[in-house]
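Undergrad: Single-letter residue listing:
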Amino acid sequence: MTAPLLDSLPYARFLGLKTQLNGDELTVVMPFADHLIGNPMLPALHGGSTAALLEMTAVAQVSLSYPRLRLPRPINVTVAYLRSGRPSDVFAQARINKAGRRVAHVTAEAWQQGRDQPIAALTAHFLLSGDEGDET
Amino acid sequence: MTDQFLTTLLPQLASGAAHTHALGFQYEGLDGDRVRLRLPYRQDLVGDPETGVLAGGLVTTLLDHVGGLAVWVGLKAYQPIATLDLRVDYMRAAIPGRDLIAEARCYRLTRSIGFVRAWAFEDDPADPVAAAQSAYVISAEGDHRAGANLRAKTHAGDAA
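Top to bottom, those sequences are chains C and V. All residue numbers for the first sequence refer to my numbering, where the first residue is 1 and numbers rise by one. All residue numbers for the second sequence refer to my numbering, where the first residue is 137 and numbers rise by one.
You may find that some hints are simply not true.
Below, a list of computed lysine to aspartate or glutamate pairs in the DMTMM-like style, where the Cα atoms sit at most 25 Å apart [unchecked claim]:
1. K18/C x D169/V
2. K18/C x D180/V
3. K98/C x E109/C
4. K212/V x D180/V
5. K98/C x D225/V
6. K212/V x E164/V
7. K98/C x D221/V
Have a look at the derived ranges for each label pair, beta carbon to beta carbon [stated by the list, open to error]:
8. R115/C x Q140/V: 27 to 35 Å
9. D24/C x A213/V: 14 to 22 Å
10. E258/V x V29/C: 29 to 37 Å
11. T107/C x D235/V: 42 to 50 Å
12. A262/V x R101/C: 41 to 49 Å
13. D7/C x E258/V: 25 to 33 Å
Not close to chain C: a few residues of chain V, all C-beta gaps over 12 Å, as computed [to be verified]:
14. Q140
15. P147
16. L159
17. G168
18. R172
19. G183
20. E186
21. L211
22. K212
23. D221
24. R234
25. T246
26. D260
27. Y272
Think of the hints as simulated: they come from the structure by calculation, not from any bench. Keep in mind that this is a model prediction, so the values were computed, not measured. Every residue, glycine too, gets a C-beta built ideally from N, C-alpha and C.
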C-alpha cells in the first residue's frame with residue numbers, strides 16, 4: 001500500500017524515495033544520487049533534500065496509519081540539521097505523536113551511519129481531511 | 137570584491153549545485169538586502185498528483201536555499217554556512233501551473249549565526265504560500281569536515 005503511495009507522488013519519485021515496511025514500521029530510503037548534492041565542495045547533500053525526505057516520510061506514515069484520509073497537508077514543519085549529509089543513502093522514520101480530528105503532530109528523524117546518529121530531525125503539524133477536503 | 141561576489145559568485149551559489157540545478161532554481165537578483173529566487177513550475181515537482189500543487193518539501197528546499205543566499209548577501213563574501221534549523225509555515229497551497237518566487241532577508245548577523253526570514257509567493261509577497269524563519273551557522277574557520285557545524289555552535293565567547 002505505502003510503496004505504491006510514494007511511487008505515485010512526483011516529487012518522491014524525483015528524490016528517488018523507496019519504502020520498506022516491517023510490520024507497522026515504515027522506513028523510507030533516499031538512495032544517494034548526484035542530483036541530491038547541495039554542496040559540491042564537501043560534498044554534502046542539500047539540506048532541502050533531507051528535509052523533503054523527512055516530510056515525505058511523515059506523509060507516508062500518516063497515510064499508512066490512516067488510509068481513509070486524503071494525503072495530509074503540512075501546516076508547519078521545523079527541521080533541525082544535526083550533521084552534514086554525506087554522499088550516501090539516507091534512511092528516515094516518522095512517529096505520529098497525536099492525531100486529532102483535524103491536526104496530526106508528527107516527528108521524524110533521518111540518519112546515515114546509524115539510527116543513533118541522526119543527521120536531521122523534523123517536527124511537523126499536518127492537516128487531516130477526508131475526501132471532500134478542508135481549507136487550511 | 138564585494139560587487140564581484142554579488143554579481144558573479146552569488147548567482148552561481150543560487151543555482152550552481154547539482155540539487156538546485158536539477159530543481160531549476162533561477163537567480164532573480166537583489167533588492168536592497170533582499171534576495172530572490174524563482175522556481176519554474178514543473179510536473180515532476182508536484183507533491184500530490186490529484187491537485188498538481190508543488191510539494192511542501194520542495195517549498196522548504198526553496199526557502200532554505202534563498203535564506204542561505206540572504207546570509208551571504210549579509211556577509212558580502214563567501215564563507216561556508218550550514219542551516220542550523222528552519223521552520224516553515226504553509227499558509228496556502230501554491231497555485232498549480234504557476235512559478236514560485238522566494239525572497240529572503242538576513243535581519244541579524246552575528247559572528248557565528250545568521251538569522252533569516254524568507255517567504256514564497258506567486259505574485260504578491262503580501263499573499264505568501266509559505267514563510268520561513270531560519271538560522272544558519274557561519275563557519276569562520278572554513279572547516280569543511282563533517283560535523284564542523286556542531287563544533288561551530290559551541291565556540292566560547294560567541295554572541296549567539
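Undergrad: Run every hint past the structure and note whether it holds.
TA: Hints versus structure:
Only pairs whose Cα atoms come within 25 Å are accepted, and K18/C paired with D169/V is rejected, the gap being roughly 40 Å. With a C-alpha separation of about 16 Å, the suggested pair K18/C and D180/V falls inside the 25 Å cut-off, and the hint holds. For the suggested pair K98/C and E109/C, the alpha carbons sit about 17 Å apart, so the restraint of at most 25 Å is met. For a cut-off of 25 Å, the pair hint linking K212/V to D180/V is broken: about 35 Å separates their Cα positions.
Restraint check: the Cα-Cα separation between K98/C and D225/V comes to about 19 Å, which is no more than 25 Å; the hinted pair holds. At most 25 Å may separate the alpha-carbon atoms for a hinted pair to count; K212/V and E164/V meet this at roughly 17 Å. For a cut-off of 25 Å, the pair hint linking K98/C to D221/V stands: about 23 Å separates their Cα positions. Take R115/C and Q140/V: their Cβ atoms lie about 45 Å apart, and the range 27 to 35 Å is violated.
A hinted range of 14 to 22 Å for the beta carbons of D24/C and A213/V is inconsistent with their spacing of about 50 Å. Roughly 33 Å separates the CB atoms of E258/V and V29/C, a value that falls within the hinted 29 to 37 Å. Checked against the hint of 42 to 50 Å, the C-beta distance between T107/C and D235/V comes to roughly 32 Å, which is inconsistent with it. The hinted range of 41 to 49 Å is not satisfied by A262/V and R101/C, whose Cβ atoms lie roughly 31 Å apart.
In this structure the supplied range 25 to 33 Å holds for D7/C paired with E258/V, their Cβ-Cβ distance being about 29 Å. Every Cβ of chain C is farther than 12 Å from the Cβ of Q140/V; the closest lies at roughly 19 Å, confirming the non-interface assignment. Its beta-carbon lying about 16 Å from the closest one in chain C, P147/V satisfies the requirement of being farther than 12 Å from that chain. Taking the minimum C-beta to C-beta distance to chain C, about 8 Å, the non-interface status of L159/V is violated against the 12 Å cut.
With a closest Cβ-Cβ approach of about 25 Å to chain C, G168/V is found to remain outside the 12 Å limit, as its non-interface label requires. The Cβ of R172/V lies farther than 12 Å from every Cβ of chain C, with a closest approach of about 17 Å, so its non-interface assignment holds. Some Cβ of chain C comes within 12 Å of the Cβ of G183/V; the nearest lies about 5 Å off, and the non-interface call is violated. A Cβ of chain C approaches the Cβ of E186/V within 12 Å, the least distance being about 8 Å, so the stated non-interface status is violated.
Its beta-carbon lying about 16 Å from the closest one in chain C, L211/V satisfies the requirement of being farther than 12 Å from that chain. Here K212/V stays apart from chain C, with its beta-carbon at least about 20 Å from theirs, past the 12 Å limit. With a least CB separation of 5 Å from chain C, D221/V falls inside the 12 Å interface cut-off, contrary to its annotation. No beta-carbon of chain C comes within 12 Å of the beta-carbon of R234/V; the shortest separation is about 16 Å.
Look at T246/V: its CB is around 18 Å from the nearest CB on chain C, clear of 12 Å, so calling it non-interface holds up. Distance check on D260/V: its Cβ is at least 18 Å (rounded) from any Cβ of chain C, clearing the 12 Å threshold; non-interface status holds. Not every C-beta of chain C lies more than 12 Å from that of Y272/V, the closest at about 10 Å, which undercuts listing it as non-interface.
When each numbered hint is compared with the structure, violations occur for hints 1, 4, 8, 9, 11, 12, 16, 19, 20, 23, 27.
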